[in-house]
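Colleague: Sequence:
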Amino acid sequence: MIPVALLTLNACSQRSSLPPATQPSMLNQQNSVPELTQWPTALSPNVSNARTLFDKYASQIYQKSHPQGMVIVMINNSQTLNRSFGTTTPESRNAPSMNSLIRIASITKLMTSEVMLKLQDDGKLLVTDPLQKYSYYGVDIPLVSAQSPIRLYHLASHTSGFPREQPGGKWGRPVFIWPTHGDRWNWLKKATLTSPAGNQAAYSNLAYDLLADALVKASGKSYPQLLQQYVTQPAGMTNTTLTPTPAQCQRLLIGYKPSPCSDTIAAAGSGGVYSTPADMQRWMQGFLTSHNAMRKATASKEQSVYFPRNRLSSIEGMDVAGRADGVGLGWVYMAPANGIPAIYQKTGGGGGFNTYMATIPELNIGVFVVITRKPNGTKFSEVTQGTNALVRALAKDFYQ
1 MIPVALLTLN ACSQRSSLPP ATQPSMLNQQ NSVPELTQWP TALSPNVSNA RTLFDKYASQ
61 IYQKSHPQGM VIVMINNSQT LNRSFGTTTP ESRNAPSMNS LIRIASITKL MTSEVMLKLQ
121 DDGKLLVTDP LQKYSYYGVD IPLVSAQSPI RLYHLASHTS GFPREQPGGK WGRPVFIWPT
181 HGDRWNWLKK ATLTSPAGNQ AAYSNLAYDL LADALVKASG KSYPQLLQQY VTQPAGMTNT
241 TLTPTPAQCQ RLLIGYKPSP CSDTIAAAGS GGVYSTPADM QRWMQGFLTS HNAMRKATAS
301 KEQSVYFPRN RLSSIEGMDV AGRADGVGLG WVYMAPANGI PAIYQKTGGG GGFNTYMATI
361 PELNIGVFVV ITRKPNGTKF SEVTQGTNAL VRALAKDFYQ
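If you're matching positions, the sequence shown starts at 1 in the numbering used here and goes up one per residue.
Check each hint, because a few of them may be wrong.
To be verified - Taking lysine-lysine pairs in the DSS-like style, the calculated list, with each CA pair at most 30 Å apart, reads:
1) Lys64 / Lys257
2) Lys133 / Lys190
3) Lys379 / Lys170
4) Lys64 / Lys124
5) Lys396 / Lys64
None of these hints come from the bench; they were simulated from the model.
The whole structure should be built from the sequences, with the hints applied where relevant.
Modeller: Rendered as structure tokens:
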């Protein structure tokens, strides 16, 4: 059982006049993780050890996963390192770089949750608002129980009851261009669900795109505007977008079964974001304190755990990178073990890419990896397992 004290900050502290019954139980607990000023800010005790560990694990991850190309980025307190392996395309001899364009795929979801929380801070919505409040075209959101309406935090925590994908997708279609906004809301007119909100966690791309639609309606702004205002501009991410330019597309890494480099606004909430390893380092830094950077104000709320595993009837599609001991707003929580603090992680994949981010915010450790796939033999499990081993090794080194 996950101790309640380790779970969440009150993500609904704004406009708290809502009755407690409308708030998820995990939102009413105080997170015992140290406050910002208490987080370690010194360099890891042995910088050379950390570099040696990083080089060792980065090489092993590349060798065991067999990707076309790979970039790995590490933040270890005030130390940052990156390594590149392989080639940018099957025909190229050039190695990927920190400025290569990549698809972050489902790590996009973490940014969608960031937008939601910042809109709450700005008084535009509550994470406990029902999706019905932000419906389009007069659509009635399907319900299993009138006592359990689908709320925004259900969409963000994969507990809404919506399927992983909207039915009707065509095999081989380019990634992140379907369903469109209109497709989603037309489907909802006749959709039926079988699980009440908050009962089980079942991974859902559809839910996150509906969440993005709700954020647009709540704010009165387009989703690209929201992404820029709340995510990319504050972090200084100049190459992160849903609408890449021709010049950016020239830098897109190419893997097995690539999709065209095009507008992905249709999947803005679930997987459509393009970025670079350099920009992802900037974004990851927002969850980690170093000598010259403090964690962003919403970091703890973004990584709060809303549903411990033992309070859900089942979990589907959340154990990709390791056992999910709890789920939050996109982040997957892996409980402390063997003296190592909790890991907060997220996987992504699509269009020939796989991505993974694993952080130990208590020790200001984070690793981001992106790979492009080969036709045969690329093993994403080696990426997740190797990255988890790396962050744990860095944590052990921190304590020595």
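Colleague: Would you mind confirming whether the straight-line C-alpha gap from lysine 133 to lysine 190 stays at or under 30 Å?
Modeller: Holds: lysine 133 and lysine 190 sit about 18 Å apart, inside 30 Å.
Colleague: Mind checking the alpha carbons of lysine 396 and lysine 64 for me, to see if they're no more than 30 Å apart?
Modeller: holds, 23 Å
Colleague: Between the alpha carbons of lysine 64 and lysine 257, is the straight-line distance 30 Å or under?
Modeller: holds, 21 Å
Colleague: If you draw a straight line from the CA of lysine 64 to the CA of lysine 124, is it 30 Å or shorter?
Modeller: violated, 46 Å
Colleague: Within 30 Å, alpha carbon to alpha carbon, are lysine 379 and lysine 170?
Modeller: holds, 25 Å
Hint compliance for this structure: hint 4 alone is broken.
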